[in-house]
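**Student:** The residues making up each chain are set out below.
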Amino acid sequence: MKLKKFASVFAASALVVGLLAGCGAGNEAEEGSSGGSKGGDTIKIGVNLELTGAVASYGTSEFSGIELAVDEINAAGGIDGKKIQLVKVDNKSEPAEATSAALKLINQDKVVAIIGAATSGATVAQAEIANSKKTPIISPSGTSPNVTVKDNGDVNEFVFRTSFIDPFQGTVAANFAANDLGVKNVAIFSDNASDYSKGLASSFKKDFEAAGGKIVAEESYVAKDSDFRSTLTRIKAANPEFIFIPGYYEEVGLIVKQAREMGITVPLMGADGWDSPILLELAGAEALNNTFTTNHYSSEDPDGIIQDFNKKFNDKYSKSPDAFNALGYDTVYLLADAIKRAGGPDSVKIKDALAETKDLELVTGLYSVDENHHPIKSATVLEYKDGEQVFKIKVNP
Amino acid sequence: MEWLQQLINGISLGSIYALIALGYTMVYGIIKLINFAHGEIFMIGAFIGYYSIAGWGLGFIPALLLSMASCAIIGVLIERIAYKRLRTATRIAALITAIGVSLLIQNGVIYMRGAQPEAYPEVLRNKSFDFFGAQISSQSILILSVSITLMIILQFVVHKTKIGKAMRAVSYDAEAAKLMGINVDNTISATFAIGSALAGAAGVIFGIYYTKIDPLMGIIPGLKAFVAAVLGGIGIIPGAMAGGLVLGVVETFVSALGFSLWRDAAAFVILILILIFKPSGLFGKNTREKV
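Protein sequences appear in the order of chains A and B.
Under this note's numbering, the residues of the first sequence are numbered 1 to 397, in order.
Under this note's numbering, the residues of the second sequence are numbered 1001 to 1291, in order.
There's no promise every hint is true.
Simulated coverage check for chain A against chain B, where a stretch passes if three residues somewhere in it have a Cβ under 8 Å from a Cβ of chain B [to be verified]:
no. : segment
1   : 149 to 158
2   : 246 to 256
3   : 286 to 299
DEER-style ranges, computed between Cβ atoms [unchecked claim]:
no. : chain 1 : residue 1 : chain 2 : residue 2 : range
4   : B       : Gly1108   : A       : Asp195    : 29 to 39 Å
5   : A       : Ala238    : B       : Ile1148   : 48 to 58 Å
6   : B       : Tyr1111   : A       : Glu388    : 54 to 64 Å
7   : A       : Glu286    : B       : Phe1132   : 51 to 61 Å
8   : A       : Glu218    : B       : Val1269   : 21 to 31 Å
9   : A       : Asn372    : B       : Phe1268   : 34 to 44 Å
10  : B       : Val1269   : A       : Gln307    : 50 to 60 Å
11  : A       : Glu209    : B       : Ser1145   : 29 to 39 Å
12  : B       : Phe1129   : A       : Glu371    : 20 to 30 Å
13  : B       : Leu1095   : A       : Gly212    : 57 to 67 Å
Honestly, the hints are just simulated from the structure, not real lab data.
Glycine included, every Cβ here is placed at the ideal spot set by N, Cα and C.
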């Protein structure tokens, strides 16, 4: 009964979206001589991103990367002679919008695959549609493990991702602390209100203890707090040689500042949630010295493929690319590679090809996919030096 | 020396609560209105301080005074526009209006400048002193001294000046005060002006001490200050000061014992206990008065 209702709501929303799309399709779809996706001389790819709304900066950054990659591929003759045509839809940073956008892309525009969404939540919302409509979806930056794996452990067959998953960053940080910094007694300070932070903390703990280290203090805070001094006093009393702080920049900035003010001078480390210019403003350049983060990518990495990408990106947008630009760019190449190996724009064959991707060279690292559709790829460790992110090392899985 | 350090942390936090609670308690003391928009005036004060330091390059004292003056005007405007016509209405109507004003200000600020946080510029060089093995920062000393100074000025204004006398008279019986030739409207405006100026000062100090300000920053400190005011005896000025300090220290010690996730809950547990066992507050006399 419930399911029926759900289905009818879906059908209704698809209808509405369809009608709206009918009017707007002209400006949304880029010009191209399309004769349907499955035949013809173009390959239609949907882009379902957060172009407005709360996390619009992720979506718009990814879209510039996507556009650059598509221009390059088309200029080089396309995939087996077929040009890529993008159909762009804004999901307004809302999971419900992402769902109806996916239905519109598949039913109306007949795309062979969808790139997006940028966030885990909006991607999970489309997962059932991808599976039932047999259209692959690739999220450039959804890092939560359950984007591709359902709660019961089944894999979402048609959902893939370009970025690594959160627990992997925890592992990389643990290895970096144990091997590169050589610390033994560490503290963990995580955000109890965020699955992201808790997931990172638990994988860090598991791997750091496996490497022979000791966790001397485990404390948590709640997002939106601004006073961390009392808990930091507790951590300081436990005398750690290193503190792992997996959180988002708003709180982390204050934690770093307050810790340094209290005379905690040991190295601090976090993950990609630190990556924002606001972090620098909150903590101050001086306090951020001797702190490290894991991230998808560093534009300072001397690797040839990265320097090449930097140059191309700079030529088109006159700024240096960030991690989201790189992930968007990579997602197009990941998909193009799969289409090529599938022998044409057939959604099911593309899905099979994606699931078999192995050792594909991308800007954000050598990419292979495992049975859970989690990428096996490298992560980058960055160090803050006088307010600049400096490339430290690249860690392979 | 961990405990001494925690006590210092607690007093610094408590002084900010105390400063917001002073304004709360004053307005309540005079017109029996729980002004839930007080936390939002605190937020506006923080932003005015931010723009005057980061935008116009003012120093700490000018920024503090500018913020206090602007907040005083805003407080008076809010009273004139939203609360004045409700003076004879039920207490609950005024309370609901206050909540509405609070939401309006929060969302108004988000509409004007977005919801992203802002980092306070470092206007005062922060130094740390060694105090029996604990670190005490110059900013903590500043916060405490500003709070105490403002409280003393406030006590003086309420008990020694003409306007203070008028306030006490209005608080006792507004009708009778009017018959005695006291301008009730102006007295209430003055109350709002002083209370809001204190909230503005607290906003600037909060920004300097905690660096991060955002349009929703007033909610939790506003509620905590309300708890502090009730704890000390709502309407009583030294009570608000003591209540704020006690609350800050209790919260810090809850974290210090390892229950950092319970610190917000601790404040409300205190509120409930006070309302059950001593509704008039620590400094209050037992009168038959419904809060």
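**Student:** Now look at each hint and say whether the structure bears it out.
**Tutor:** Each hint tested on the structure:
1. 149 to 158: n = 0 at 8 Å, threshold three: violated.
2. 246 to 256: With 3 residues closer than 8 Å to chain B, the segment 246 to 256 of chain A meets the three-residue bar; holds.
3. 286 to 299: violated (count 0)
4. B/Gly1108 to A/Asp195: 29 to 39 Å: This hint holds: roughly 32 Å between Cβ atoms.
5. A/Ala238 to B/Ile1148: 48 to 58 Å: violated (34 Å)
6. B/Tyr1111 to A/Glu388: 54 to 64 Å: For A/Glu388 against B/Tyr1111, whose Cβ atoms are near 35 Å apart, the range 54 to 64 Å is violated.
7. A/Glu286 to B/Phe1132: 51 to 61 Å: violated (27 Å)
8. A/Glu218 to B/Val1269: 21 to 31 Å: holds (24 Å)
9. A/Asn372 to B/Phe1268: 34 to 44 Å: At 43 Å between Cβs, range holds.
10. B/Val1269 to A/Gln307: 50 to 60 Å: holds (58 Å)
11. A/Glu209 to B/Ser1145: 29 to 39 Å: violated (47 Å)
12. B/Phe1129 to A/Glu371: 20 to 30 Å: Given range 20 to 30 Å: violated, Cβ gap about 59 Å.
13. B/Leu1095 to A/Gly212: 57 to 67 Å: With Cβ atoms ~59 Å apart, the hint holds.
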